[in-house]
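The listed protein sequences derive, respectively, from chains S and E. First residue of the first sequence? That's 1 in the numbering used here, and the numbers climb one at a time after it. First residue of the second sequence? That's 1001 in the numbering used here, and the numbers climb one at a time after it.
One thing to keep in mind: the hints can contain errors.
Selected chain S positions facing chain E (Cβ under 8 Å, derived; list incomplete) [what the hints assert, rightly or not]:
1) R149
2) G151
3) I433
4) G437
5) R593
6) I594
7) L597
8) F600
9) T613
Restricting the straight-line Cα-Cα distance to at most 27 Å, the calculated cross-link-like pairs of lysine-lysine (DSS-like) are [what the hints assert, rightly or not]:
10) K543/S with K1046/E
11) K1144/E with K540/S
12) K1071/E with K620/S
13) K1078/E with K611/S
14) K1078/E with K614/S
15) K552/S with K1135/E
16) K241/S with K366/S
17) K540/S with K1004/E
18) K152/S with K142/S
19) K552/S with K1144/E
20) K552/S with K1078/E
In case anyone wonders, no lab produced these hints; they're calculated from the structure. Yeah, the Cβ is synthetic: ideal placement off N, Cα and C, and Gly gets one too.
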Amino acid sequence: MTIKQEINQNAFGNDKNRLMDILLSINETQGYISRKNMLDLSQKLGISMAQVQETVSFYHFFSSKPRGKYNIYLDNSITAVMNGRAEVKEAFEQCCETSFGNVSRDGLFGLFNTSCIGMNDQEPAAIINNKIFTHLTPYRVKHLVEDMRAGKTTDELMYENFGDGNNADPDVKSMVSNHIRKKSIILKKDYIPFTFLTTKLKEYTPGDIVAEIEASNLRGRGGAGFPTGMKWRFGRRTEGKHRVIICNADEGEPGTFKDRVLLTEYADLVFEGMVVAAYATGSDIGLLYLRYEYRYLLKFLNRKLTEMRKNHFLGQNIGGVQGFNFDIRIQSGAGAYVCGEESALIESLEGKRGEPRDKPPFPVEKGYLGYPTIVNNVETLATAVKILHHGAEWYAGFGTKDSLGTKLLSISGDCRFPGIYEVEWGTTIREIIAMSGAENVQAIQVGGPSGMMIGMKDAGNMDNSELMKWYKPSGMMIAEKFFDRKLSYSDLPTGGSIIIFNNHRDLLGEVVMNFMDFFIEESCGSCSTCRNMPIIMKNKLRKILDGHGIRKDIYDLLNWGKVLKASRCGLGQTAGNPVLSSIFHFRHLYEQRIQSLTQFDSGFNLDEATKETKKYVHRKPVFHHFKTSETWKDQ
Amino acid sequence: MNKKIIATTSLAGCFGCHMSILDIDERILDLIELVEFDKSPIDDIKKFTQPVDIGIIEGGCCNSENTQILKYFRENCKILVSLGECAIMGGLPAMRNGIPIQECLNEAYLDGPTVQENHEHIIPNDEELPLLLDKVYPCHEVVKIDYFLPGCPPRADLIWNALYALITENPMEMPYEVVKFD
């Protein structure tokens, strides 16, 4: 079927809110979305050409220009860099005879960088035509490219040694490993999914369920930690023709991969959580927003949903409750970190650019298509089921006073056992280091790049208290002085990302720069603060690293970080955190690099600045009107 | 009171800021009581003849000569003032930032709609010509700048107030009207 026909009789009912699905299907069959496609679509869906274009241009995995037959998206997260990404990248460039960001001349290969794909425990990893390839080496790359040149399909490219558990499922067939290292109340398989739904649900009123969740003090596990019960109550209270439950599986924070494991091994639990949440809030529409990077799970998850429908866990009168109708649809993203923000996610679900909305109104008041919408993290929903099954009282036996229960941690970086650890809240950083088998730890990044960096030596002599007043990270990079700090909402809150760096890592040049690149790449561009400031801060840091830094530069960075707080969403507000938290906790690294006696150094280098021009004019600048005391390097 | 020495220059600017200096109108007579001009397009002195108190810079740095003059000013002036949008942020010329230099030159000398009679497709390359920088730099990214006067151009009142305050070493009066731009 041609693309044109597909648009004409597409399966999405010419619904402009399904633009993402339509674009995904065109992108998948044709490899790119042409101008003609966009024009056809705009007419068909009754929206303007610009609306189609703005959506296409927003997402990383959409292309308006032809890409290769095989498109290789190589993860550029910090753990990939630490595990030999540079060599793998070089191998790809050599074998495919093109450079990153381009398509090879024969149109066979497209090489692209991509932000963290949620495989931090098995880097370097790449997505090749929707299939995940982990633990890449230059040797493996050579063979992969040979096989691709021989015309093998991505399925044939894989060895038959699939990952553990459901990764070997016929509908997944992936070499991704789960690496579950520590199980506690969520991950223990002591519960047969849907037991609560089939046996107990009808004994509860929706109000009872909300009360039980509120009693358990469950807080959102995505990172922000909003009380789940309260969110459900707000959603329930708002009048609307429909209400919507969204499961946020757009796990984009570099270093997290817990949702991937939950969806692979505990999909039933997550879906049951959605059904229960729907019951509690009176919702009838269920959406799971699956990030594009996890699209290899789509077929498997859809099979799970089909099974659920067959067993009447979805559909009409679920769980024997008259009038409780609910169904779930899975929506794929197309590559955008900011879509993890709930209002951006809703925009994306409606087929638009994933730009965060102004709040209020909050999604619980006016969300997906204007209906009251409750957005919950994958882990939150899975936890909710366990709480309801065992009771809030039981749940209160875990964790600390202000943070009850457990948290899934995605631990990666310099440690012997990267993977998923389910720990009780209140676990100290020192315990995490011990359990993951990390040695010579220099720093720990808690909560991903938007979080904080913690390390061995603290700035000590610096009084940061004034600065700490306005600096509210969603996590942090920690120095050793603070390794006895505990994971909890009151001390070290985290969405689950823990990245460990040992003594050999260059924290500023390697880690912080990588994190800043991430924010520069992923900013949606809506607020000028977030669009510009990370670039300006990165340039300033570059200047310091190049040896041109002065003390004022450090203060500039601290002050400029405040400007970012004016951004609309969490991405912008935390985009300066890699720099800020490294200044707070690793001040000595900055102090070492600045010129302490120099009052001013702009870092301007005429040689560097005229390099490009010199290539064309083949001469040096002539200065003979007047001489300055200092001779230029050129003269 | 000794007269303060003032120098001015226009780098990658349009001379609009200098025009704005002249907009102080009859106050220029008061000014001349207070200051003496050294190197400046106003009196056409090419080289500094003495140490200067206040250097006023219009325009950012778009080529090698701009950076050299700016440095020349920094070395000879006690106080440097960035005057106007271009000196402070690069201004209109900075719109070329992000466009490769070759493309800019082609547009200016070969392909642009206003190019006429360049049949030999010459891009000027005399050795006297300064070299373009990779982008247009605001002045403070090249040398230390002490004061910034915003505006495109800054209002004559703002320039007058600022100069008067600097010369008499008094705090500057900056009423809202002279720094609002809508």
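Tested hints:
1. R149: violated (34 Å)
2. G151: Hint on G151/S: violated, closest Cβ of chain E at ~38 Å, above 8 Å.
3. I433: violated (42 Å)
4. G437: violated (47 Å)
5. R593: For R593/S, the interface hint is violated, since the closest Cβ of chain E sits about 19 Å away, which is over 8 Å.
6. I594: violated (16 Å)
7. L597: violated (15 Å)
8. F600: holds (4 Å)
9. T613: holds (5 Å)
10. K543/S with K1046/E: Roughly 34 Å separates the two Cα atoms, so the pair is violated.
11. K1144/E with K540/S: holds (16 Å)
12. K1071/E with K620/S: Distance of about 18 Å is within 27 Å: holds.
13. K1078/E with K611/S: Violated, at roughly 32 Å.
14. K1078/E with K614/S: This hinted pair is violated, its Cα atoms lying about 34 Å apart.
15. K552/S with K1135/E: holds (24 Å)
16. K241/S with K366/S: holds (12 Å)
17. K540/S with K1004/E: violated (36 Å)
18. K152/S with K142/S: holds (14 Å)
19. K552/S with K1144/E: With Cα atoms ~12 Å apart, K552/S and K1144/E stay inside 27 Å; holds.
20. K552/S with K1078/E: holds (21 Å)
Of the numbered hints stated above, those contradicted by the structure are hints 1, 2, 3, 4, 5, 6, 7, 10, 13, 14, 17, listed in ascending order.
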